[in-house]
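Start from the sequences, fold in the hints, and give me the full structure.
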Amino acid sequence: DVKVTQSSRYLVKRTGEKVFLECVQDMDHENMFWYRQDPGLGLRLIYFSYDVKMKEKGDIPEGYSVSREKKERFSLILESASTNQTSMYLCASTPGLGTDTQYFGPGTRLTVL
Amino acid sequence: RKEVEQDPGPFNVPEGATVAFNCTYSNSASQSFFWYRQDCRKEPKLLMSVYSSGNEDGRFTAQLNRASQYISLLIRDSKLSDSATYLCVVNRPGRRALTFGSGTRLQVQP
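In order, the protein sequence lines correspond to chains H and S.
First residue of the first sequence? That's 1 in this note's numbering, and the numbers climb one at a time after it.
First residue of the second sequence? That's 1001 in this note's numbering, and the numbers climb one at a time after it.
No lab work stands behind these hints, which were simulated from the structure alone.
There's no promise every hint is true.
[Said to hold, decoys possible] With the Cβ distance kept under 10 angstroms, some of the chain S side facing chain H (calculated, not the full set): (1) A1029; (2) S1032; (3) R1095.
Ideal Cβ positions, reconstructed from N, Cα and C, are used throughout, including at glycine.
Laid out in structure tokens, this is it:
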């Protein structure tokens, strides 16, 4: 079974803090993705990566950066957290061309106070 | 116009009912289509892919109409366990990424 894990289920941070969200997959997948999910807006793509050290902006990259130093790990960084970044963050991975099944982690519910 | 549009619902149906969800997509070059299911407070999981000729998986039937850029999901003989949000998903041509609809919530009642 594919397993995608995220470092925290719940996180509370203060405005201005630097926040790291970690995602690890154990199936040697090429592609990894970060989404945020908000009521009424669905899943919105923040960034994705199709190879180590490669990244591509999604639909809402502003205020975020990413890092992929190893194939199995994809990190999302909030350089200076703001209250409008309070959300559910979901990581996903997929093999091949990126149109295969996406396997999601359990999500991190981030609250920025 | 949103890339993928769905009726948010909720659809409240009794057990045993047949229910259908629709979805429209804006990019006519899209080639891959899926339905994902998301239970409350859980991550999305693939329910089924949608093929050009239509396809069935048990009580679930998916249809694609390329001319109208329209995808549907039919659930027959609804079970309480079918209660979830159903996400319509479409590939992004030229990019290794997908676009997710906002989802349609289904509540099956006893």
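Hints versus structure:
The interface hint given for A1029 of chain S is broken, as the beta carbon of that residue sits about 13 angstroms from the closest beta carbon of chain H, more than 10 angstroms. Interface restraint check: S1032 of chain S against chain H, minimum CB-CB distance 4 angstroms, threshold 10 angstroms, status holds. Against a cut-off of 10 angstroms between C-beta atoms, the interface hint on R1095 of chain S holds, since the closest Cβ of chain H lies about 7 angstroms away.
Checked against the numbered hints given earlier, this structure breaks only hint 1.
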